[in-house]
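Just so you know, the sequences run in chain order A and B. If you read the first sequence in my numbering, its first letter stands for residue 1, the second for the next number, and so on. If you read the second sequence in my numbering, its first letter stands for residue 1, the second for the next number, and so on.
Treat the hints loosely; a few may be bogus.
As the list claims (entries may be wrong) - Pulled a few chain B residues facing chain A out of the computed Cβ check, cut under 7 Å: (1) Phe-191; (2) Ile-229; (3) Phe-232; (4) Glu-233; (5) Gly-234; (6) Thr-238; (7) Val-242; (8) Asn-246; (9) Leu-248; (10) Gly-251; (11) Tyr-252; (12) Ala-255; (13) Met-256.
Stated by the list, open to error - Listed next, with one range per pair, are the computed distances between beta-carbon atoms: (14) A:Leu-740 / B:Glu-262: 31 to 37 Å; (15) A:Ile-728 / B:Glu-262: 49 to 55 Å; (16) B:Val-242 / A:Gly-18: 30 to 36 Å.
No lab work stands behind these hints: they were computed from the structure. Where a beta carbon is used, it is the ideal one built from N, C-alpha and C, also for glycine.
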Amino acid sequence: MSNWLAQYFVNSSYIMTGGAALVAVPVIIHLINRMRFRRVRFAAMEFLLQSQQENRRQILLEQLLLLLLRVLLVIGLIALISRFILDSTQMSMFRGTQLHHVILIDDSVSMRDRWGEQQAFQEGLKIVRKLVNEGAQRPGTQKLTLLKVSDPQQPIFTQRDLSQSFLNEFEAKIENLRCSYQAVTVVEGLQSIGKLLEQERGSIRFVHLISDFRNSDWGEESATSKAVQSLAETGITINLIRVVENRHGNLGITSLKGDIQVAASGVPLRLNVGLKNYSQEVVRNIRLSLLVDGERLPLSLVFEQIEANEEVNRDFDILLEKPGWHQIEVALPEDSLVEDNRRYLAVNLEEANPVLIVDGNPSGSEGEFIADALAADPQLTGFAPIVSDTEFLRKQSLDRFQTIYLVNVPELSADAIEAVEEFVKNGGGLAWYPGSLTKPAFYNDKLYQKGKGLFPVKLAVASKLLSNPNVTSTKPDLSFSNHPVTEIFQGQDNPFIEGVRIRRYFPVADDWNKDDQSRNDGTRTIGKLKNNNPFLLEHHFGKGRILTVLTSAGPSWHQWTSNPSYVVFQLEMQKYLARNDLSVVKHLVGEPIELKLDASEYESSVQITSPSATGEFVTRLTATPQKKSKKSPQNNEPENGKVYLEAEYRDTEIPGIYQIQLSDFNKITIDDWLAYNLSNAESDLELISSQKLREDFGKNSSIHIQEPGQYQWIQGKAAGQEMRWTLIIFLLTVLVLEQLLAYRLSYHSSSSSVRKLAIR
Amino acid sequence: MTQDYRKFLLPEEISRISRLEIRARQIVEGFLSGLHRSPYFGQSIEFVQHREYVQGDDIRHIDWKVWSKTDRYYIKQYEEETNLKTTLLVDLSESMLFGTGAMTKYDYACTIAAALSYLLLKQQDAVGLTSFDSEIRARVPALSRRNHLHAILSSLASEKPAKKTDIFEILRRVANDQTRRGLIVLVSDLFTDREGLFRGLKMLRYRGHDVLLLHILDDEELDFGFTGITKFEGMEETGELVCDPNSLRAGYLKAMGEFLAEIRKYCSGHLIDYQVIRTSEHLDAALAYYLNHRLGMHQSVRH
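Same shape as in the complex, but just chain B:
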């Protein structure tokens, strides 16, 4: 199992991306100053509540001042969340299994998820993972612990893509679950119901989430370089077709172009960061390009 999940976080990839940082585009609530902007001015540690000590709690957290006043053991509970809470949404539908290069889209998506987790955890942000197809397959809660990376990687490696995508339902649930504003990173090929996708994204934005859409596509999907008579068998029960790809190329590219343009247009209209990533490209290049330019694209406004 350990071998499996490590394949998504290769040492060379780590070394390449380690200098990158993920910055919140919007102001997030947090206390570690410097990295993300906070809604509050000045330093403060957010105290949440007191809780009665039960056996097994760390005695270091006992609030002795309360004990001296009430003679009861209470422990102080601090907000464990960091400034940026990031949820990675990874599409595990069957279509993600397509791939003509070294990696399938699924592999690539997992690698991206791993790399982002690593980056975020490194800068002490909380990272959670939700993998889904037609329903939520696995959930890892958002934590900022270093060893949380294990949990994320294990979750990624344990799942295999199989079913269709029902993106709206997933996004709706995520939106409902995530009460705090944070960064939602959706890694998918987006071969799904587009209306549902847009509705879901809109809902996320409405809840104040910062949404990053990483659109993973294979070279062949973008270039359609097939030659010779080919029988195309659709994934996710989309039918099959025997044809000469040459004759359909122009039409295919047009349709694909329209699809990408539509998404891009929607995203730019709703302040969603959108990036198409080819599986043949180096991960770091794509991430670095994106992350470095992310802030520059839309200047955020302090509340």
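Looking at chain A on its own, in the form it has when it is part of the complex:
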């Protein structure tokens, strides 16, 4: 009985403990009134009896109606107090349909927001528990589907009937539910709910969205708002449940980067860290700790003051001795969102970065100047240049080199060109220095290839002297536009580059358009001579970058080598050209690790070491041959007839370093470390106000907004606000009817008609 009542009343105990007896009260009052009468000796009984005779039936009906209304009034009041749960939408419960509660819980990083002992995600789970417990009290009427925002395709529960027996299973799963580290919006979740609920249009559907409702995700025109609106339009009642009351200040590391592609052992590595203050107050004395391979360095970076909503960047140098992979980590002290206080970087430290300098003049020493500039002392710069001739390009593998310099090369054999093209296409850097031996016809034919080749410009027939009509002119020979390579020469204080004098250069062909914008072939002019002839050009070939300097490498055509800026220029150029496939690639948590292995080189087993809360754990994967059919035509290149093995590793939930270990057929293991970090998008904890949300959704009555920390609505949920109002309106109607009837049945002395009887 009590179970049955509990299906329809929140406070069924009220009814059990005598609420039902109250229904009898109007009847009892009526009977008592009938028994307590006044005696009157009356003369005009004749008319009274006549009246009674005539009105007997009407009186009986009216009395019964009045009694019925009063009983209804009491029933209505009891229903209101015991919170009747048959709202207008639930009327169809009688038709045997069920309520389907779809709970979408936001588990993006921002839900890891902590305040005091509480965490946003745990608060959300608390609400889920309350909802489920409440639903389990009415077995057979409620269904649950629970989804996480980070993985809406795989619901935790799908259309499970809520009952006491379900609670244990539910509790077990909920216990293990953890907030993800991903930056995801609820849009996808809402869309998949839309698809999920599309089929069951006949049932009553509730969507409960539990989230922190950050300002950056929500707003009038945001995708999330639109998704909510469109879901609501399909007749689904949507509950927006807030779990975070106030905005909490937060500091986050936004970036950690550096020229790690040229990192070498013993050479200081310059890194740059970005820090943003996501709060409305100024923060002071922020100490940033540095960890290398998990060990804290004795130095720490101190930020004295960061203004509200300000981002600061700071360079710092670290010195790593041991070649191989290193894990660099920067960490902030704890704040409300701990997860964005750490950032990881994986650095592969070479003993020295090999650079190939091909000098076309067997007896020349031009290349040596570059080699000296790059590594007068290999310990200081971390470069190991090799000077060789063009035959090297054909005979040796070029893969190990960061950069290739082609200095004063007259011409290249076809297979040499192919090797260099392959090298650059795969991400290697290439630098051109023409010289006295350069054959423009060959360059224009084989290398320029109308802008599609390795050489960026069409050369004129011969080199030219840079005429200097006015010796006293102070105008420098070289001028550079804004570019990473020449950034160091920018500004007022660049006396060195101003002192550089160029005697001879290689002009571009007259019919070559010098204007980058109108030419628009991807070639960019970075430096110009004072006669407006291009001097330094950049273009891309495949993944690689190519820089072309239209003068000699050595001092034969200029005196630059004696200027200090020459070394600086060479080093900057080297950093820029170095294999950018080795530079920092940003990986965000949740992105799968996709491996593509050359089946002829590597074995199929792959070992991935992942970070976890309790240390590292190792996963072994087996790469399988790729499926050709799915590939798009662009990617479906013959790949030189090679067979590739593919493997995918999805479990990249936790930020940190993922170590991939491959082994080739010589059983030599090759390591590749990937740093997975959080997206910055979740660091800003500014919340959208309920007021604003209401404004956005105000017109839609099927969207409700629940304030944080308030749970009353959960009990009322099943009852629904509408039911309460329906009951109140019902009560008012009955009350008015009762009053009208009672007024009609009662005596009012102001009737003037009676007086007319007396005096006429």
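Could you slot chain B onto chain A? The hints should help.
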């Protein structure tokens, strides 16, 4: 006893009604000119008969002319009745005991009777009283003497209402007894057999009496302002009823309205003056209104 009967004729009431006059609506036979119309033209004293003197008669009435002719003592007898002979018929049935205000209907009826007697005697009309319930309870013959008022008041005070009403029998007897045309004033709540009432009234009219019907009703009888569950116990053995008066009010008022309308219709059809009087109203107001308008309502025609 004197205290008792005086309660029906209160000094303030007397002072209020003293200026009123009762005029005969119809031509009555009388000799005091001015007040009532006479069937005869010119002044005359109506001599009735001679009677032989017996011991004890007033010697002033001896007709000496007859003595001189016959040497016998005869006394002259004059008509003692005045022009208007009025008979007050007061209902003393049990139902008259009902009353919710200061006075019961019985009290009110007696007061009216007293006031009318006073007025009539003051203008030297003869007044008689018959009180009745199912039968005639008391009779006071019609006289115009001033001290006759005592007799009327004493009669009123000595009777207590108790029984049912049998109006036709009463009216029939009154009609038979009253040989001379006069004014019959019936003071009653008329809660009786209506057919009998109408037959009786018709008989009175037939005999040429001027009939004045004063219908005494209580406020509650007219308005039916009872509230709450009430047990009504009928007077004059009319049964009892437990009910919510509110629910029966409309029907009751309708029935009462029909009752009053029926009587009014009958009265106006038979030239009977009819007036409903509430016990809560001041006596003088009711009487004054009625008496002042009485003549104007129906112009009488001289024979």
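Contradicted hints - numbers only: none
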